[in-house]
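J.: So you can see what is in the structure, the chains are spelled out below.
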Amino acid sequence: MPHDHHDHISPSGHPYRSDNDHPLTYWQQMEIAVRELLIEKGVTTAAEVNAQINAMDSRGPAHGASVVARAWTDPPFREALLSDASAATREMGFDIGPMKLIAVENTAEVHNVIVCTLCSCYPRNLLGLPPDWYKSRAYRSRTVKEPRSVLAEFGVALPDTTTVRVHDSTADMRYIVIPARPKGTERWSQADLSKLVTRDSMIGTGLAKAPPTA
Amino acid sequence: MDSREFMRVRADMPPGHVRTPAYLRGKTGWIERELGPFPNPEQLAYGLKADALTLLRMRFTMKEVWGPDVPYPHDTIDAEIYAHWLEPVERTDAA
Chain X
1 MPHDHHDHIS
11 PSGHPYRSDN
21 DHPLTYWQQM
31 EIAVRELLIE
41 KGVTTAAEVN
51 AQINAMDSRG
61 PAHGASVVAR
71 AWTDPPFREA
81 LLSDASAATR
91 EMGFDIGPMK
101 LIAVENTAEV
111 HNVIVCTLCS
121 CYPRNLLGLP
131 PDWYKSRAYR
141 SRTVKEPRSV
151 LAEFGVALPD
161 TTTVRVHDST
171 ADMRYIVIPA
181 RPKGTERWSQ
191 ADLSKLVTRD
201 SMIGTGLAKA
211 PPTA
Chain B
215 MDSREFMRVR
225 ADMPPGHVRT
235 PAYLRGKTGW
245 IERELGPFPN
255 PEQLAYGLKA
265 DALTLLRMRF
275 TMKEVWGPDV
285 PYPHDTIDAE
295 IYAHWLEPVE
305 RTDAA
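From first to last, the protein sequence lines are chains X and B.
If you're matching positions, the first sequence starts at 1 in my numbering and goes up one per residue.
If you're matching positions, the second sequence starts at 215 in my numbering and goes up one per residue.
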């Protein structure tokens, strides 16, 4: 065997990831205990728990992208989205549950970026699970203090004439950024436009992708 | 005429579950919009009957929150603050 002498390194040269067969943590035990009790007492069923996990996993940034693409092409919808984003996305057919959503729009004058300094509030019911960096202390503490440095690290450089608005998701509302529509997409369909809308552009740490140049 | 309604976030540090970020306590901002009544998280967190409180989206300048030496004093931070954390201010240079 060529790798006998360093068996914690995989053949591809990366360290093996340790397995998660350590003893359960306090909160893992608590989750299992509460779930089993709820099932035993007939409050919910294992199938319902699974269905909910599947529903959560099936949500992703593509949902938000189609909302943004419609806002770019349908002025009355854009108005409705900016005045009541929960109602407008529900009307599009998204099951956002009890989520209270606010949409904020990026323009030449204003760039919006979303953070949750207290925990990791994120519009999961529309965009799916948040990226790991969104939950990191570094992102959460630096975005409210030096947003332009954070944005620059994401590759977003803004002119001094643009005002940065940081939205700290402190309580009951969740936020989605409507990125600026890329130039050169005037005749594009909603379906094609939605492919330019990245997850990060809806958090505000990115811009919508530019159309490929011919 | 500046029609903005300025309010100061209480500078208190009570124990327990509070959803008013410490970095905004004692800072003055203006009401960006009212969000209607929401159950008080400080009661909700402990399984108590929660009072319905008005939640406000407050807007603060970077200068007000972090001091006059910030590179972009007019960039802003918006945060949701429950009404019982806000007190009126007479006049302000927080704009």
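Check each hint, because a few of them may be wrong.
A partial selection of chain X residues facing chain B, derived with a Cβ cut-off under 7 Å [to be verified]: (1) S120; (2) L158; (3) T162; (4) V164; (5) A171; (6) E186; (7) S189.
Calculated from the structure, these hints are not laboratory results.
Yeah, the Cβ is synthetic: ideal placement off N, Cα and C, and Gly gets one too.
J.: Would you mind marking each hint as holding or not holding in the structure?
T.: We went through each hint and held it up to the structure:
no.	hint	result
1	S120	14 Å, violated
2	L158	10 Å, violated
3	T162	9 Å, violated
4	V164	4 Å, holds
5	A171	4 Å, holds
6	E186	31 Å, violated
7	S189	33 Å, violated
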